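> What follows is each chain in one-letter form.
There are 2 protein chains.
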Amino acid sequence: MKPRITLKKIAKEFDVSISTVSKALKNSNEISEELREKIKAFADYYQYKPNSLALQLRNQKTSVIGVIIPEIVHHFFSTVIDGIEEYANAKGYNVMVCLSNESFEKEVTNISVLTNGSVDGLIVSLARGTQQKNDYHHFEALIKDDFPLVLFDRVHDSLACDKVIIDDVGGGFKGANHLMDMGRQNIALITTQDFVTVGALRKIGYRKALHKAGMEIDEDLIYKIDDKQDLYGQIEKVFTGPKPPDAILAVNEIYAAIAMKIARERGLRIPEDIAVIGFTSGLISEFTTPPLTSVVQHGFLMGQQAAELLINRIEHIAPKEPKTEVISADLNVRASTCIKTSK
Amino acid sequence: MKPRITLKKIAKEFDVSISTVSKALKNSNEISEELREKIKAFADYYQYKPNSLALQLRNQKTSVIGVIIPEIVHHFFSTVIDGIEEYANAKGYNVMVCLSNESFEKEVTNISVLTNGSVDGLIVSLARGTQQKNDYHHFEALIKDDFPLVLFDRVHDSLACDKVIIDDVGGGFKGANHLMDMGRQNIALITTQDFVTVGALRKIGYRKALHKAGMEIDEDLIYKIDDKQDLYGQIEKVFTGPKPPDAILAVNEIYAAIAMKIARERGLRIPEDIAVIGFTSGLISEFTTPPLTSVVQHGFLMGQQAAELLINRIEHIAPKEPKTEVISADLNVRASTCIKTSK
DNA sequence: GTTTTTTACGAAAACGTTGGCGTAGATTGA
DNA sequence: TCAATCTACGCCAACGTTTTCGTAAAAAAC
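From first to last, the protein sequence lines are chains A and B.
Under our numbering, think of the first position of the first sequence as 1, with each following residue one higher.
Under our numbering, think of the first position of the second sequence as 1, with each following residue one higher.
These aren't lab readings, by the way, just hints derived from the structure by calculation.
Mixed in with the good hints there might be a few duds.
One copy or any two copies: either way a pair holds, since identical chains are not told apart in the list.
In silico DSS-like links for lysine-lysine, alpha-carbon gap of 30 Å or less [claimed, not checked]:
#, residue 1, residue 2
1, K212, K2
2, K243, K2
3, K133, K261
4, K26, K323
5, K38, K133
6, K49, K9
7, K12, K91
8, K61, K40
9, K208, K8
10, K228, K61
11, K133, K49
12, K49, K243
13, K174, K144
14, K106, K2
15, K61, K243
16, K23, K237
17, K237, K61
18, K12, K133
All values derive from a computational prediction rather than experimental measurement.
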């Protein structure tokens, strides 16, 4: 690679000092117009661009924000990044993405690498491994040093930093409520294992809805899926269990899509015999048969909010107390729960 | 934010010089063991980590690779990034992602920003706007300066740099071939507008397959979709056109899924009355009814290859001549073309 | 003709790090 | 006792930039 042109090289070319060149390029009238124009023309010709590392070092500011997500091959997280990028770029920041791959160790090293001066702040969604291990010392260290940090989606209560979360309880509530509005009585819940916060929260919403409606909660209708095992086999049990449900609330799109597939294989009509709701994260819901009613999570908005919180923190235009933004989850009613909408 | 601890502060603490501290932390035996241990303990306690900006500036190496993609909310690009991350991290590099949002201008500024010293090399997939404008001067400038650059998926022939492409011609060929193997005679092609390279290449494959089979190409069966218009309406014309097809080859998952939806609405049985093939980019294909036969694009592999080419280039373990890696596209046969596979 | 002001530039520090080189003082050898 | 050798550290340059301050020479003022 050709070495980039620097102030020093320009200075040597004109036999002036580095500071003269710097000032000339900044159009300082400390420098005679004649020399100024010559230097500018030369710099222009050789496409001089200030080395950003040097600037970052000098200004003690990188204008880069780091993002650590569990995985990127996931529509929801991609959408959040999109939102972060949009807001951050508008504010003159760049985005550096790292993946934890759901691993505690990788999350720790990522944080260590990124906080070595390369970013002004961090936006993170917790790795599953971290939630399982329940070890947050790497975040606590950051918080203790007042390092700008925003957690989103997968957060942890004990951490005193800015957060953006989706109203998962509300989402579960809305989903279950909708099913009851459609006259369903036996609503199965297909959720994750307990340590996955979002699953747990959506379950709370489900319980709240049933409770409010005066229905009792049948634990046999709650199925906890292990993502590492065979999904198909686990979800099949929903249909072979003691109490066959007339509706299913699944905490994500995949579970819901698989449930529909199995239901159809077993000759059940959707939504007549069984209604299904998922939580949207990708495009699957739109293209299933029938299209899947889903709780939509506004990932883009979430990303924007997270970026806004972080940049406010970085630029000290935020109060000291950590703030938590809640993004409401809305229901997108499609044909899997509601015959008339089956356009 | 609390200021980070630096060599200078440690030096002041022990009333020694900065270089002494630096050497002590590097375990240099130039420094007495006693002092060395004291300094290390102190640094450890205060969690000293070398400022990476300073290191990057000094070493003239960032160990960061920049990635510019048109959009991230796209399963294929996410998968590629995943592959890049995997390989890059293993080699000690970090990844900085920027989005061009398909815009020429944003691509230009992104490149300008990233090549100001913040990254050692660039992996890029061309923005649609760039392909449309057919203006590649920003890349030509990089190539002229021997800046490490790898183009992937959406590339341009005139650019003399490393590339990783998918065998789109082969993919189109395999898809069309499979449909002919299933006995189909009137294969419609739903593709993009001509300036979108991948669409154009897949069309070539389609033509090659038909030609090889001695079938003539009916231009009325080729539909070019404008992504900015109503997809549904445009794809509907495939069915209302002069020659109703008995098979459809769509150049992406969405077109294929929409085509299937319309086909079913019109009472056509899949695959009996009409077979459909798409190009996988996300998870849609798995969950449509019936599951969609697709040409799979190995995005992860592509990312790994791109990262490998780039890092070899950065570390000068690559021959001068640019190299192009071709990733083969394979067919994943599902029920939308083949009754017996409908498990 | 002397002083003051202005013009036009240079020197140097600072951001944080590393590594070659220099060297004071202690130790060793003869 | 003097030289040679170590030991253990400090100095300085370098990476590229910005900015404050200092200062020659020229211009203006008296």
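> None of the hints should be skipped; say for each whether it holds.
Tested hints:
1. K212 x K2: neither (70 Å within a copy, 48 Å between copies)
2. K243 x K2: neither (71 Å within a copy, 58 Å between copies)
3. K133 x K261: The answer is neither: 34 Å in one copy and 44 Å across copies each exceed 30 Å.
4. K26 x K323: Neither way: K26 and K323 sit 40 Å apart in one copy and 41 Å across, limit 30 Å.
5. K38 x K133: Neither. Shortest intra-copy (62 Å) and inter-copy (33 Å) distances fail the 30 Å Cα cut-off.
6. K49 x K9: Classified as within; 13 Å inside a copy, 32 Å across copies.
7. K12 x K91: neither (36 Å within a copy, 38 Å between copies)
8. K61 x K40: Close inside one copy (26 Å) and across copies (28 Å); limit 30 Å.
9. K208 x K8: Neither: 68 Å inside a chain and 57 Å across chains, both beyond 30 Å.
10. K228 x K61: For K228 and K61, neither the intra-copy (42 Å) nor the inter-copy (40 Å) Cα distance is at most 30 Å.
11. K133 x K49: between (46 Å within a copy, 25 Å between copies)
12. K49 x K243: Neither. Shortest intra-copy (69 Å) and inter-copy (58 Å) distances fail the 30 Å Cα cut-off.
13. K174 x K144: neither (38 Å within a copy, 58 Å between copies)
14. K106 x K2: between (35 Å within a copy, 25 Å between copies)
15. K61 x K243: neither (60 Å within a copy, 63 Å between copies)
16. K23 x K237: neither (73 Å within a copy, 63 Å between copies)
17. K237 x K61: neither (55 Å within a copy, 55 Å between copies)
18. K12 x K133: Classified as neither; 58 Å inside a copy, 39 Å across copies.
Comparing the model with each numbered hint stated earlier shows that hints 1, 2, 3, 4, 5, 7, 9, 10, 12, 13, 15, 16, 17, 18 do not hold.
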